[in-house]
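Same order as they appear, the protein sequences are chains A and B. Residue numbering for the first sequence follows the working numbering, starting at 1 and increasing by one per position. Residue numbering for the second sequence follows the working numbering, starting at 1 and increasing by one per position.
Since the hints were made in silico from the structure, they are not lab data. A virtual CB, placed ideally from N, CA and C, is assigned to each residue, including glycine. It is possible that some hints are incorrect.
To be verified - Taking beta-carbon pairs under 8 Å as the criterion, some of the chain A residues facing chain B (in silico):
1. VAL14
2. MET50
3. ASP56
4. ASP59
5. PRO61
6. PHE90
7. GLU101
8. GLN103
9. HIS104
Said to hold, decoys possible - Calculated cross-link-like contacts (lysine to any residue; reagent style SDA-like; alpha-carbon spacing at most 25 Å):
10. A/LYS57 - B/LEU13
11. A/LYS57 - A/GLU70
12. A/LYS57 - B/TYR48
13. B/LYS54 - A/GLN3
14. A/LYS65 - B/GLN95
15. B/LYS54 - A/HIS104
16. A/LYS57 - B/PRO101
17. A/LYS65 - B/GLU5
18. A/LYS65 - B/TYR48
19. A/LYS57 - B/ASN30
20. B/LYS54 - A/LYS65
21. A/LYS57 - B/THR79
22. A/LYS57 - B/GLN3
23. A/LYS57 - B/LYS54
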Amino acid sequence: EAQVTQNPRYLITVTGKKLTVTCSQNMNHEYMSWYRQDPGLGLRQIYYSMNVEVTDKGDVPEGYKVSRKEKRNFPLILESPSPNQTSLYFCASSSQDSIGEPQHFGDGTRLSIL
Amino acid sequence: GIQVEQSPPDLILQEGANSTLRCNFSDSVNNLQWFHQNPWGQLINLFYIPSGTKQNGRLSATTVATERYSLLYISSSQTTDSGVYFCAERDNYGQNFVFGPGTRLSVLP
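So here's chain B without its partners, still in its complex pose:
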């Protein structure tokens, strides 16, 4: 099945800094999603982005499907951005979703 890698595994930022999170896939991308898990454990869908670029406030995402990667940009980070960011893709050999291991982001005041 598809393999999903994320980098970096951990990231510590000062409030106001920008950051880029990356997701790499071993197979074709057609259902890519980004999620944020907040410190209370809730999973929030950020983007459905199988290709192209989308923006939502201070967050934006770009997927280059031909090169099998996606980037999540966080600008002017805030402490509320802390948590774990996951990307996920649907396995092309089935209907199940595969998540990456996540990037743990800590934004310091």
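One chain only, chain A, in its complex shape:
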């Protein structure tokens, strides 16, 4: 089954404790991205990747890192999480750098940073 898998689905942690949210897709997609969703602000793109070893900032990249060492994986790293990063996070993927193809989303990761 074609899917985008995020882990964990839920996480409560404390300020400053490094965490990684994993994202994996099994569709051989070139394009992957991370979004955060906040009440009243909608979905905003954090980082995206056009292909392996190619990553770019989205609209709200501050406080986040990503890597794309393999085509299927695109982890989101919070080196020193802060409470303002409490949010619902989505990973997405699509083929051919998203031109002409819809994005497929993971089920989301709800992060609470105390």
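Got chain A; can you put chain B on it based on the hints?
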């Protein structure tokens, strides 16, 4: 970058009613997508529709790229249609996607 507006922000319907949701863009449209976020938070892709009209069951969408808007039609609505509907477009100055603020739909039994 591109600005995306959606209307109405909220919509309450009785089961069986029809509805039209609208998305307006400040820049040219070439990668428009509609999504449904269900009450469990999952985002489901409904349509990729940069132009023209598509139909999928009770849902259909029309994009008029020259006038920079898209419409999502929901006919004979069901309670399972409840949730938030988003449209999104790719910013022409980059590769990032921009989402509209969404329309929250509540279908009452």
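Against the structure, the hints come out as follows:
Among the interface hints, the one on A/VAL14 is violated; its C-beta lies about 24 Å from the nearest C-beta in chain B, farther than the 8 Å criterion. At about 6 Å, the closest approach between the beta carbon of A/MET50 and any beta carbon in chain B falls short of 8 Å, and the interface hint on this residue holds. Taking 8 Å as the C-beta contact cut-off toward chain B, the hint placing A/ASP56 at the interface holds, the least distance being around 7 Å. The interface hint given for A/ASP59 holds, since its Cβ lies 6 Å from the closest Cβ of chain B, which is under the 8 Å cut-off.
Interface restraint check: A/PRO61 against chain B, minimum CB-CB distance 10 Å, threshold 8 Å, status violated. Of the supplied interface hints, the one on A/PHE90 holds, with its beta-carbon coming within about 6 Å of a beta-carbon of chain B, less than 8 Å. Nearest Cβ of chain B to the Cβ of A/GLU101: about 7 Å, under the 8 Å cut. The hint holds. Taking 8 Å as the C-beta contact cut-off toward chain B, the hint placing A/GLN103 at the interface holds, the least distance being around 6 Å.
A distance limit of 8 Å between C-beta atoms decides the matter here; for A/HIS104 the minimum to chain B is near 7 Å, and the interface restraint holds. Under the criterion of a C-alpha separation no larger than 25 Å, the hint pairing A/LYS57 with B/LEU13 is inconsistent with the structure, at around 39 Å. Among the hinted pairs, A/LYS57 with A/GLU70 is consistent with the structure: their alpha-carbon atoms are about 18 Å apart, no more than 25 Å. Of the supplied pair hints, the one linking A/LYS57 and B/TYR48 holds, its CA atoms being roughly 24 Å apart against a limit of 25 Å.
Straight-line distance between C-alpha atoms of B/LYS54 and A/GLN3 comes to about 24 Å, which keeps the hinted pair within the 25 Å bound. As the CA atoms of A/LYS65 and B/GLN95 are separated by approximately 18 Å, the hinted pair is consistent with the 25 Å bound. For the hint linking B/LYS54 to A/HIS104, the alpha-carbon distance of about 19 Å falls within 25 Å, and the restraint holds. Among the hinted pairs, A/LYS57 with B/PRO101 is consistent with the structure: their alpha-carbon atoms are about 21 Å apart, no more than 25 Å.
Between the alpha carbons of A/LYS65 and B/GLU5 the distance comes to roughly 29 Å, so the proposed pair goes past 25 Å and is violated. Between A/LYS65 and B/TYR48 the CA atoms are separated by roughly 29 Å; this puts the pair beyond 25 Å, and the hint is violated. A threshold of 25 Å between alpha carbons decides the hint, and for A/LYS57 with B/ASN30 the separation of about 21 Å falls inside it, so the pair holds. Taking the CA atoms of B/LYS54 and A/LYS65, the gap is about 38 Å. The hint is violated against a cut of 25 Å.
A C-alpha spacing of about 38 Å is found between A/LYS57 and B/THR79, which places the hinted pair above 25 Å, so the restraint is violated. Among the hinted pairs, A/LYS57 with B/GLN3 is consistent with the structure: their alpha-carbon atoms are about 18 Å apart, no more than 25 Å. Restraint check: the Cα-Cα separation between A/LYS57 and B/LYS54 comes to about 32 Å, which exceeds 25 Å; the hinted pair is violated.
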